[in-house]
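Residue 292 in the working numbering sits at position 7 of the sequence shown, with consecutive numbering throughout.
Hints are computed from structural coordinates only; laboratory data are not their basis.
Among the clues, some could well be false.
[Unchecked claim] Quick list of in silico lysine-lysine cross-link-like pairs, PhoX-like style, CA-CA up to 25 Å: (1) K348 x K335; (2) K348 x K381; (3) K348 x K475; (4) K325 x K348.
[To be verified] With beta-carbon atoms standing in for the labels, derived distance ranges: (5) R446 x E321: 19 to 29 Å; (6) D386 x P488: 28 to 38 Å; (7) P376 x M305: 33 to 43 Å; (8) V357 x D442: 20 to 30 Å; (9) A457 x P377: 24 to 34 Å; (10) P376 x T322: 17 to 27 Å; (11) E394 x M305: 18 to 28 Å; (12) T322 x T369: 15 to 25 Å; (13) I295 x T454: 21 to 31 Å; (14) E321 x E372: 42 to 52 Å; (15) P377 x P397: 21 to 31 Å.
C-beta atoms are modelled at their ideal positions from N, C-alpha and C, and glycine is treated no differently.
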Amino acid sequence: PDGHSRLSDIMPPVPLPRRMWAGSRFHFRAPLRVGETLTKRSEIVGVTAKTGRSGPLVFVALKHTILTPAGVALTEEQDIVYRTLAEPDAPPPTPKPAPADGVWSRTIEVDPVMLFRYSALTFNGHRIHYDRGYCIEEEGYPGLVVHGPLTVTLLLDLCRRSQPEATVTRLAVRAVSPLFDTAPFTVAGKPSDTGAELWAANPDGALAMMGEAVFA
286 PDGHSRLSDI MPPVPLPRRM WAGSRFHFRA PLRVGETLTK RSEIVGVTAK
336 TGRSGPLVFV ALKHTILTPA GVALTEEQDI VYRTLAEPDA PPPTPKPAPA
386 DGVWSRTIEV DPVMLFRYSA LTFNGHRIHY DRGYCIEEEG YPGLVVHGPL
436 TVTLLLDLCR RSQPEATVTR LAVRAVSPLF DTAPFTVAGK PSDTGAELWA
486 ANPDGALAMM GEAVFA
């Protein structure tokens, strides 16, 4: 009902109804060049069952490897979480404030067209990103949900805009709370000893995503 395939070529048959991206760790090893033939290999590296405040959880750890004719160019370790449906009257978790010492920042205004295009670009059928009626009436969200990987893309773009000479070799990101298309949000960051600390904040200043980039 939510637009995800019940099974794919690789994902395990987890019986919980809600599937969400929770974080990734990227290693950028070599350039991807237009015209090259690329190969993607995906594997499950771990499945862990836990119980949280909202009930049972299953974490699936994936590893994606992108290869060029010269060898490995990019690896991504990805965390996917499966959960139960939210209780209608369940109070939202207490938000954690985002850092207030950003050196770079950008306000992002999302709309349904942007979210639909990103869904199409990434072949993502999850209805919470483009079907407002389903999103609000069935899942109880206040609006369309911004893709976690879209926020990652915007954080990387902030690095490019703020440090145009830098080369990102590693990036680790973790989703903290969802963002919606109901109001603009902020991506921000600051230099660190090894590269940059990055984060996204909702309109109320609550933390939505944390990230750390390492520069060459």
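Hints versus structure:
1. K348 x K335: Roughly 21 Å separates the two Cα atoms, so the pair holds.
2. K348 x K381: violated (29 Å)
3. K348 x K475: violated (28 Å)
4. K325 x K348: holds (10 Å)
5. R446 x E321: 19 to 29 Å: holds (26 Å)
6. D386 x P488: 28 to 38 Å: violated (19 Å)
7. P376 x M305: 33 to 43 Å: violated (19 Å)
8. V357 x D442: 20 to 30 Å: At roughly 24 Å between Cβ atoms, D442 and V357 fall inside 20 to 30 Å, so the hint holds.
9. A457 x P377: 24 to 34 Å: holds (26 Å)
10. P376 x T322: 17 to 27 Å: violated (51 Å)
11. E394 x M305: 18 to 28 Å: Holds - the Cβ-Cβ distance for E394 and M305, about 24 Å, lies within 18 to 28 Å.
12. T322 x T369: 15 to 25 Å: violated (42 Å)
13. I295 x T454: 21 to 31 Å: holds (27 Å)
14. E321 x E372: 42 to 52 Å: holds (49 Å)
15. P377 x P397: 21 to 31 Å: holds (23 Å)
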